[in-house]
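Colleague: Now for the letters of each chain:
Protein chains: 2
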Amino acid sequence: MSSPRKVSDSTVRRLSFYLRILKEIRGRGVQTVSSAKLAESTRVTSAQVRKDLSAFGNFGVRGRGYDVAELQDHILRILGLDRTWRTIVVGAGRLGSALTSSEDFSRQRFSIVSLFDNDAAKIGRRVGDAEVRPIEDLERFVQAEDIQIGIITTPAKYAQEAADRLARAGIRGILNFAPTRLEVADPVRLRNVNLAVELEGLTFAIADVAGDSA
Amino acid sequence: MSSPRKVSDSTVRRLSFYLRILKEIRGRGVQTVSSAKLAESTRVTSAQVRKDLSAFGNFGVRGRGYDVAELQDHILRILGLDRTWRTIVVGAGRLGSALTSSEDFSRQRFSIVSLFDNDAAKIGRRVGDAEVRPIEDLERFVQAEDIQIGIITTPAKYAQEAADRLARAGIRGILNFAPTRLEVADPVRLRNVNLAVELEGLTFAIADVAGDSA
DNA sequence: AATTGTGAACACCTTCACAGCT
DNA sequence: AGCTGTGAAGGTGTTCACAATT
Numbered sequence: 001m002s003s004p005r006k007v008s009d010s011t012v013r014r015l016s017f018y019l020r021i022l023k024e025i026r027g028r029g030v031q032t033v034s035s036a037k038l039a040e041s042t043r044v045t046s047a048q049v050r051k052d053l054s055a056f057g058n059f060g061v062r063g064r065g066y067d068v069a070e071l072q073d074h075i076l077r078i079l080g081l082d083r084t085w086r087t088i089v090v091g092a093g094r095l096g097s098a099l100t101s102s103e104d105f106s107r108q109r110f111s112i113v114s115l116f117d118n119d120a121a122k123i124g125r126r127v128g129d130a131e132v133r134p135i136e137d138l139e140r141f142v143q144a145e146d147i148q149i150g151i152i153t154t155p156a157k158y159a160q161e162a163a164d165r166l167a168r169a170g171i172r173g174i175l176n177f178a179p180t181r182l183e184v185a186d187p188v189r190l191r192n193v194n195l196a197v198e199l200e201g202l203t204f205a206i207a208d209v210a211g212d213s214a
Numbered sequence: 001m002s003s004p005r006k007v008s009d010s011t012v013r014r015l016s017f018y019l020r021i022l023k024e025i026r027g028r029g030v031q032t033v034s035s036a037k038l039a040e041s042t043r044v045t046s047a048q049v050r051k052d053l054s055a056f057g058n059f060g061v062r063g064r065g066y067d068v069a070e071l072q073d074h075i076l077r078i079l080g081l082d083r084t085w086r087t088i089v090v091g092a093g094r095l096g097s098a099l100t101s102s103e104d105f106s107r108q109r110f111s112i113v114s115l116f117d118n119d120a121a122k123i124g125r126r127v128g129d130a131e132v133r134p135i136e137d138l139e140r141f142v143q144a145e146d147i148q149i150g151i152i153t154t155p156a157k158y159a160q161e162a163a164d165r166l167a168r169a170g171i172r173g174i175l176n177f178a179p180t181r182l183e184v185a186d187p188v189r190l191r192n193v194n195l196a197v198e199l200e201g202l203t204f205a206i207a208d209v210a211g212d213s214a
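From first to last, the protein sequence lines are chains A and B.
Residues 1 to 214, numbered by the working numbering, are exactly what the first sequence covers, in order.
Residues 1 to 214, numbered by the working numbering, are exactly what the second sequence covers, in order.
Read the hints as simulated data drawn from the structure, not as lab findings.
Among these hints, one or two may not hold up.
Treat identical chains as interchangeable: a pair holds within one or across any two.
Below 35 Å or equal to it, Euclidean Cα-Cα: the simulated DSBU-like pairs (lysine-lysine) are [as the list claims (entries may be wrong)]:
1) Lys-157 <-> Lys-37
2) Lys-122 <-> Lys-157
3) Lys-6 <-> Lys-51
4) Lys-23 <-> Lys-157
5) Lys-6 <-> Lys-37
6) Lys-51 <-> Lys-122
7) Lys-37 <-> Lys-23
8) Lys-51 <-> Lys-23
9) Lys-6 <-> Lys-122
10) Lys-37 <-> Lys-122
Let's have the full structure, built from the sequences with the hints guiding it.
Modeller: Quick look at the structure:
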């Protein structure tokens, strides 16, 4: 619906935070919110909030602020959360299983439909509502079940193969937790979460005298 | 050891990537590496690699490049990985348990010594080498066992209490997986990993026509 | 009176390009 | 000849500050 020129990753991340605040204050029955109030709750400046939002439209009313429900709907649509995303997890280890059962996913509009693994011992096991299937069935399953998102939680050595299978099957986005750089061809979107990098960022900040908490 | 003025978060993240590449090529017996080679493997420019490294010292040799083993040692020290970090997990749910057993942690210099939970049913349970203890024992344990890092994997509503306990006990850094903004006072370092934000960043990129894969 | 939307200023980060060292 | 280290240029993201609007 929207067609912004270029939106920074930081802006998109902040939209997620605004959304969380909006949900909370909407639950308290508040009708209207100012950029200053949103800024306070998310630890950014009010100008930042207004710039972020104005990249997608003029959602506010001068002198009054933003309508909470309306703004929430706008951001949901911008982030593509006005629909359910059919998702699979590749790698049915502890992390994959934990994510599958996580409330973060089910409470949002993400439905984890199945897990895949190459370990015969895990096939058929149930994790929440999903079942673990053999990796060989991945392509067929993605196409038959109209899966849009794949989450990779395999060991690093299998992650590229997982990405290739997902890409071949026509997946639209990949969230990669394996500690390795993946190659994916153009229409597929890739996002990485690397736990070691986060921990090392923390030890750097602790070990060093410099830096500032975030 | 080093005392750089100000180092950006992006630089620190890239150091983690360089480290991974260095480990790999060192394993292959390579002695020397150029910024161009490091850049190629990590998808940045060679100038970026040199700038990142030069913030901490002159590690390279003009005309020759960087000594692989030496550079690895430097980065390990910079990131505070030349020691073992005693760590606890607060929230012994699926995610906390998965992280505790994760190779990412044990393979690096992180030792997860114990988990804490407020659910009586979980107390005493073992996860890998660690045992789940009651949350009330946290402060005493952190001090007695000289714990430096706390990982929060509780539900959002308990996360601030967990952070307060950790801070009170004198923890040095917190890695927070709970989807909420935590307040921590000054000497404590905080880093957040928010799975919902990552997923929403992905759906934004898919839903929208704009953007570029990363 | 309050608060948005935004051009301009500012700060930060990345890339260029080359002098300097081996 | 090859490659680093870095000042300068270029680019991107953030904050300021104020005109516009209710």
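Colleague: Measure nothing new, just compare the shortest in-copy and cross-copy C-alpha distances for Lys-122 and Lys-157 to 35 Å and report within, between, both or neither.
Modeller: Both ways: Lys-122 and Lys-157 sit 19 Å apart in one copy and 33 Å across, limit 35 Å.
Colleague: Have a look at Lys-51 and Lys-23 and pick one of within, between, both or neither, based on CA distance no larger than 35 Å.
Modeller: For Lys-51 and Lys-23, the Cα distance is within 35 Å only inside one copy (21 Å; across copies 42 Å).
Colleague: How would you label the pair Lys-6, Lys-37 (within, between, both, or neither) given a Cα cut-off of 35 Å?
Modeller: both (26 Å within a copy, 31 Å between copies)
Colleague: Quick one: Lys-6 to Lys-122, C-alpha cut-off 35 Å, is that within a copy, between copies, both, or neither?
Modeller: neither (43 Å within a copy, 48 Å between copies)
Colleague: Evaluate Lys-37 and Lys-122 at a C-alpha cut-off of 35 Å and name the case that applies: within, between, both or neither.
Modeller: neither (49 Å within a copy, 39 Å between copies)
Colleague: Tell me, please, which holds for Lys-6 and Lys-51 at an alpha-carbon limit of 35 Å: within, between, both or neither?
Modeller: both (13 Å within a copy, 27 Å between copies)
Colleague: With identical chains treated as interchangeable, where does the CA-CA distance between Lys-157 and Lys-37 reach 35 Å or less: within a copy, between copies, both, or neither?
Modeller: The answer is between: 21 Å across copies meets 35 Å, while 46 Å in one copy does not.
Colleague: Give the relationship of Lys-23 and Lys-157 under a CA distance limit of 35 Å: within one copy only, between copies only, both, or neither.
Modeller: Between. Shortest inter-copy distance 15 Å satisfies the 35 Å Cα cut-off; intra-copy 40 Å does not.
Colleague: First find the shortest C-alpha distance between Lys-51 and Lys-122 inside one copy, then the shortest across copies, and answer within, between, both or neither for a cut-off of 35 Å.
Modeller: neither (48 Å within a copy, 46 Å between copies)
Colleague: With identical chains, the pair Lys-37 and Lys-23 could be close in the same copy or across copies; at 35 Å between alpha carbons, which is it: within, between, both, or neither?
Modeller: within (14 Å within a copy, 47 Å between copies)
Checked against the numbered hints given earlier, the structure breaks hints 6, 9, 10 and satisfies all the rest.
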